[in-house]
Amino acid sequence: RPPRGARGRLTAACLPAEPETGRKKLSSHGRKRAAKRRLAAGSGPAGRRPLGGGEQEPTGQTARGRSGFSDGNAKWLAPAKAKKTQPKGNRVELSSDGEVEEGSWEMEEEDGSSEEMVDDYGASSSEEEELLPIEKAALKQKSEGEGLSEDDSEEEEEEEAEEASKQKMGQKEEEGPDLQLNVDIDEQFKLPTSEDIEKEDILFISEPPDLHVIHQRIQGNMEVLQDFGVKREEGRSRQEYLALLRRDMAAYYSYSDFLLTKLMDIFPLPELVNFLEANEVPRPVTIRTNTLKTRRRDLAQALINRGVNLDPLGKWSKTGLVIYDSTVPIGATPEYLAGHYMLQGASSLLPVMALAPQENERILDMCCAPGGKTSYIAQLMKNTGMILANDSSAERLRSVVGNLHRLGVTNAVVSNCDGRQFPKVLGGFDRVLLDAPCSGTGVISKDPAVKTNKDEMDILRCAHLQKELILSAIDSVNAASETGGYIVYCTCSIMVEENEWVVDYALKKRNVRLVATGLDFGKEGFTRFKDRRFHPSLKSTRRFYPHTHNMDGFFIAKFKKFSNAIPQAQKDEGPAVEALPAVPDTVITEPPTKKKKREGSKAEEEQKLPQPALKKKRSLQAQRRPLKA
Amino acid sequence: SEKLLKLAASVPRDSLVAPGTCFGKFTKSQKFRLSVTALDFLAPYAKYKVWVKPGSEQSFLYGNHVLKSGLGRITENTAQYQGVVVYSMADVPLGFGVAAKSTQECRKVDPLAIVVFHQADVGEYVRNEDTLT
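Top to bottom, those sequences are chains A and B. Quick note: the first sequence uses the UniProt record's numbering, first residue 1, plus one each step. Quick note: the second sequence uses the UniProt record's numbering, first residue 1, plus one each step.
Just chain A, same shape as in the assembly (with noise of 0.2 Å):
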């Protein structure tokens, strides 16, 4: 049957079909509500009578006019006016009279007439008409033991809860997050006070913590600091909230609390969490096609003839796959095995990509196992030129050796030499890609022992490897070459230390400078990161995210070197040998044939030559200058 309200906002074209149906029995329900209504109309209208008054002769009239009840109620049903001047003396008599039903009734006919105008009565009871008759209840049972009036006050009602039980908080410990767990979201994070955090690390020896108290109580902690101004409780700093969270996370997460605290400082706090999350998820096997033996059509075909779900990688690649499941194992297949594919993370793609290898180039891969970047780059220069693969490790190299082979790479010439003596051995290359070892928190899905034994010592003594490995790289290029003078740093690491830091660092120590890697999606790299300021170029580098890109987290930044001297260690070094004007000077320090050392003394003698006194900052003539592809 319908609501109750809504017979008091029926149209006029609906009205004359009701009468017919009779008078409807109340239930016992409906005579409770009644009766409230009684209640509150008792005190709700009083102001509003004068105006009710006026207003009613006419809809009261139309009312009755519509409605024609047929039944043998027109005696006692008398014209609205009549009725609203002495409301409740009517209906007092008619609820003696025991005709309950029929004092509703006439109720809600002066609900349907005082329907246009808006007041608490007529408010409050079309609301309760909505309600179904178990919330009726239940409000009823809240208002009464509360002993506050029952609309629009649960959040109230909850937030006096709250009050008495915060005072209480000392004593009960996982309460806290257990009432959250059954009341409304509404509800206001409580932030638990020192001793119950002893109190949970002595129950974390005894037994495991419960994980999804923790993980509820992260999100009620990231609500409240999302909107922290509003919902933070009084007394308690954002630091209290802060450090809960990050023992939170770390414990439901498995995180150690400095690896956590630097993710903290990098993201903000959703991505944070979707980060944390990608981070537990594997992300999708994909693979490369070796166009050097195959098409990816054709492979694509011979693979789904095998069983194997696959989709291309993306628009932004022409030999990437993507598997999504599999009857065969994928790194055994006959296709596999003649080395039609290689198995290659989807962020590998893309340092090689930047790189843009040319047909005919020399090309150095520093940190190159275990080789697919290298037989990507052979792929890409079409078995011409040289590429000379180096890894500092000796096993590993066999792989390396065995990839080159089984994808059938012949202009390659694998090396095991430390990364650091590059131009010493062998200098004067066109390009180099230099894939650095880093701390692996880009892949931590992979790999996820990174989570905890990694610190602040390791993290620095990569940056230090790092650096070390970019300076010998840039020297081993060689800015003269007519197609090339590029070198492509990349790491498979988040951290700003490992990133943009070592980028800033060979900005300030070399004669390069940042240009655009060619990649159109991808975060931009930092600019400035907590205390520290970096070159303004460093937005020309790219940043890769699980949680964003659904590949290993990634950085790559592409420089171009555009002099081959290797500036003193001087405070303005560099401006003066810019690109335009440094023609001359790379005449003058390079021999005509191609030599391929680069020694220290010429670098002296580039020094010697005048240097206009051109005291310009470095940024600015980044600025100025437009950026040469």
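Please keep in mind that the hints were generated in silico from the structure rather than gathered at the bench. Treat the hints with caution; some may be incorrect.
Said to hold, decoys possible - Listed below are several chain B residues computed to face chain A (Cβ distance under 10 Å; list not exhaustive): (1) Asp-40; (2) Phe-41; (3) Leu-61.
Unchecked claim - With a straight-line Cα cutoff of 20 Å, these simulated SDA-like cross-link-like pairs (lysine to any residue) come out: (4) A:Lys-293 with B:Ala-38; (5) A:Lys-293 with B:Ala-90; (6) A:Lys-382 with B:Leu-4; (7) A:Lys-293 with B:Ser-88; (8) A:Lys-424 with B:Leu-4; (9) A:Lys-382 with B:Leu-5; (10) B:Lys-53 with A:Thr-410; (11) B:Lys-6 with A:Thr-384; (12) B:Lys-53 with A:Ile-304; (13) B:Lys-53 with A:Gln-301; (14) A:Lys-293 with B:Val-85; (15) A:Lys-424 with B:Leu-5; (16) A:Lys-293 with B:Arg-73; (17) B:Lys-53 with A:Ala-302; (18) A:Lys-293 with B:Leu-5; (19) B:Lys-53 with A:Asn-305; (20) A:Lys-382 with B:Phe-41; (21) B:Lys-6 with A:Glu-359; (22) A:Lys-446 with A:Leu-272; (23) B:Lys-108 with B:Arg-73; (24) A:Lys-293 with B:Asp-91; (25) B:Lys-49 with B:Ala-79; (26) B:Lys-6 with A:Gly-314; (27) B:Lys-6 with A:Gly-428; (28) A:Lys-293 with B:Pro-44; (29) B:Lys-6 with A:Asn-383; (30) A:Lys-293 with B:Asp-110; (31) A:Lys-382 with B:Ala-38; (32) A:Lys-293 with B:Lys-108.
Glycine included, C-beta positions come from ideal geometry on N, C-alpha and C.
Chain B: place on chain A using the hints.
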């Protein structure tokens, strides 16, 4: 190629792992043993080829010999003990072998007889990665 070799010469001898592609190794008794890494280069020049049915592809890749039941096609006039290149039905080279029976004999022999001795296959890339040179 030669340019590559010249370049490789400048890498210190201890550090050089592989200049170019390895075709095979010389044994102590001065014989030359061809390895599977030479497959890509030799396959286009092969005069005698053997095609293997899809079912026994995997078996060959595991290092087993090819039986008559797995034989798909074989070039005419293959002599006995002739070196052959083994292909899959999709013309993907799988490895090297030696014909155990000449083509004529292959037609007559029973299904479980060996027709090609296995010598080298691409499965070795995965199996013997370390010893692959």
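Quick check: which numbered hints come out false for this structure? Hints 10, 16, 18, 26, 30, 32 not satisfied by this model.
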